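*Asks:* Here's the letter readout for the chains.
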Amino acid sequence: MNREEARLELDATTLRPQDASPEVRAFLEHDAELAAWLEKRAAFDESVADAFQAMPAAPSLRENILRAAKSPAKRPVKWITPTAIAAAACVVFGWMMLWPGNSAMAAWESDSLNAIAKLEYGVTRLDQKAATFEAVKQHLTQNECPCPTALPPGLAGLKTYGCKRVQVEGRAATIICFELQPGREAHLIVFDNTNLCDCPAADAPCFKVAKNWHYAAWSHGSHAFMLATTADEAALKKLFGAA
Amino acid sequence: MELTLDFGIELPASRPIARRVTDSPPSFEQIVDAHYQGLHRFALSMCRGEATAQDLVQQTFLQWARKGHALRDASKVKTWLYTTLYREWLGIARREKKHEQVEFEPDLHGAAQNDDAGENPRVDGVTLQKALDQLDPSYRAPLVLFYLKELSYREIAESLGIPIGTVMSRLSRAKDQLRAILLRLEQNIIPASFSS
Chain B
3 MNREEARLEL
13 DATTLRPQDA
23 SPEVRAFLEH
33 DAELAAWLEK
43 RAAFDESVAD
53 AFQAMPAAPS
63 LRENILRAAK
73 SPAKRPVKWI
83 TPTAIAAAAC
93 VVFGWMMLWP
103 GNSAMAAWES
113 DSLNAIAKLE
123 YGVTRLDQKA
133 ATFEAVKQHL
143 TQNECPCPTA
153 LPPGLAGLKT
163 YGCKRVQVEG
173 RAATIICFEL
183 QPGREAHLIV
193 FDNTNLCDCP
203 AADAPCFKVA
213 KNWHYAAWSH
223 GSHAFMLATT
233 ADEAALKKLF
243 GAA
Chain Y
13 MELTLDFGIE
23 LPASRPIARR
33 VTDSPPSFEQ
43 IVDAHYQGLH
53 RFALSMCRGE
63 ATAQDLVQQT
73 FLQWARKGHA
83 LRDASKVKTW
93 LYTTLYREWL
103 GIARREKKHE
113 QVEFEPDLHG
123 AAQNDDAGEN
133 PRVDGVTLQK
143 ALDQLDPSYR
153 APLVLFYLKE
163 LSYREIAESL
173 GIPIGTVMSR
183 LSRAKDQLRA
193 ILLRLEQNII
203 PASFSS
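Those sequence lines, one after another, are chains B and Y. Per this note's numbering, the first sequence starts with residue 3, numbered consecutively. Per this note's numbering, the second sequence starts with residue 13, numbered consecutively.
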C-alpha cells in the first residue's frame with residue numbers, strides 16, 4: 003500500500019473508522035502529516051454529516067409509505083388492454099342490438115330514429131328542460147329552432163321533459179320529449195321537409211316498427227315529423243286518436 | 013407491529029429473512045422506521061424535488077414489499093433499499109434526460125486535490141444543498157451516501173454498481189469539490205466551472 007492508496011481509504015472511512023483496514027491504520031501511525039490531514043478532513047466530514055442529519059424529514063412520508071403498502075394492488079397492466087377491448091366490444095354489440103335505424107329505412111327515418119334512441123338511452127342529454135309544451139315552444143321560437151305548429155291530439159295534454167337540437171340528413175331538427183306513461187316517453191322530431199327525399203305523406207301518419215320501437219311519420223305544411231316510442235303500438239296510435 | 017395486508021402484495025414480514033434463530037424478523041413497519049429518513053435524504057439530494065423524492069422513497073418500499081422476500085441475507089436490507097432507490101432515480105433521470113453518464117474529468121471540474129489549506133468552511137443544510145446541486149450526479153450519489161453514514165464504502169460501491177476503487181477516488185475528489193464550493197459560497201463567489 004502506498005501513501006496515496008492509504009489516503010484514499012482513510013478518506014473513505016473518516017465517518018466510519020471501523021471500516022478502515024488494519025494495514026491503513028498501521029500506515030497512519032508512521033505518517034504524522036497524513037494523520038494531521040485526516041484529522042482536519044474528519045472534522046470537515048463531521049460538520050457536513052451533521053448538516054445532513056439536520057435536514058428535516060417529510061412529516062407525512064412515513065404514514066404515506068405505510069398507507070401505500072396497504073392500499074389495493076393495481077391489476078397488472080397486461081390485463082387492462084384485453085379487458086378494455088372486451089368491455090368495448092360488449093358496449094358496441096349491445097348498442098348494435100339496440101340501434102333502431104337501418105339501411106332499409108329512408109335515410110331521414112334512420113337518422114331521426116337513431117337520434118331519438120341516443121336520447122332515450124342517455125347517450126345524449128336534453129339541451130333544455132321544460133315541463134310543458136308551451137315552455138318548450140317558447141324556447142324553440144326564441145332560438146329559431148324547428149318547432150311544430152300543430153300536434154297530434156293525444157300529445158297536446160302530455161307533460162314534457164324538454165327538447166334537444168339535432169341534425170337529420172344535414173338539416174336542423176328538434177326532438178321534443180313527452181311523458182307518455184310513467185317511465186315511458188314519446189319523442190317527437192320535427193324538421194323542414196323542403197326537398198326531402200322520401201318525404202312522408204301529408205297529414206296522414208304512417209305507422210312502422212323498428213327493433214323495439216314503434217313510430218309514426220307524416221308531414222304537415224313545410225315540416226316533416228316522426229313520433230317514436232318504445233311503448234306498444236296501441237299507445238302510439240292512441241296519440242293520434244287511431245287506437 | 014405487524015402489518016396485515018388485504019391485497020396481492022405480500023410484505024416480507026410474513027416471509028422471514030434468514031437470520032439467527034434468536035432474532036425475530038423485522039416487520040415492514042420496522043424496516044420503514046429504520047430507513048425512510050435516510051432514503052428520503054438521499055432521494056432529495058439526488059432529484060432536488062420534494063415530491064419526486066417522496067415518490068422515490070415510496071416506490072422503493074413498494075418494491076421491497078413485492079420483492080424483498082427474495083433477499084436471503086438480512087444484513088443486506090439497507091444496501092438493497094439504497095440500491096433500489098438509486099436505480100429508480102436513474103430510471104427517472106434517464107426518462108427526463110437530465111442525467112448523462114459522464115466520467116470524471118478533473119480539468120473540467122476544476123478539482124483541486126488535497127487543497128486543504130485554511131479553515132474548513134461552515135456548513136448548514138441550505139448551503140449544503142446548494143453545494144450538492146453543483147456536483148455532477150455521479151459524484152453526488154457516493155458523496156451523499158457517505159455522509160449519511162448508513163453504508164460503508166464497500167456497500168456504497170455495491171449500491172451504485174461501481175468498483176470500490178472508483179468509489180474511493182470519487183469520494184475523495186467529490187469532497188475536495190464540495191469543500192471548494194462551500195468555501196466559495198461562503199465568500200458568495202460561484203465559479204462558472206461548478207455551475208450545473
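Errors might be hidden in some of the hints.
[Stated by the list, open to error] Capping the alpha-carbon separation at 25 angstroms, the derived lysine-lysine pairs in DSS-like fashion look like this:
| id | chain 1 | residue 1 | chain 2 | residue 2 |
| --- | --- | --- | --- | --- |
| 1 | Y | Lys90 | B | Lys42 |
| 2 | Y | Lys142 | B | Lys72 |
| 3 | B | Lys42 | B | Lys161 |
[Stated by the list, open to error] According to the in silico footprint, chain B covers these stretches of chain Y (three or more CB under 8 angstroms from chain B):
| id | stretch |
| --- | --- |
| 4 | 42-55 |
| 5 | 156-162 |
Worth flagging that the hints you see were computed from the coordinates, not collected in a lab. Here the structure is a predicted model, which means the values were calculated and not measured. Note that the Cβ used here is the ideal one computed from N, Cα and C, for glycine as well.
*Asks:* Please name the hints from earlier in the document that this structure breaks, with their numbers sorted from lowest to highest.
*Replies:* Numbers 1, 2 and 3 - these are the hints that the structure violates, sorted from lowest upward.
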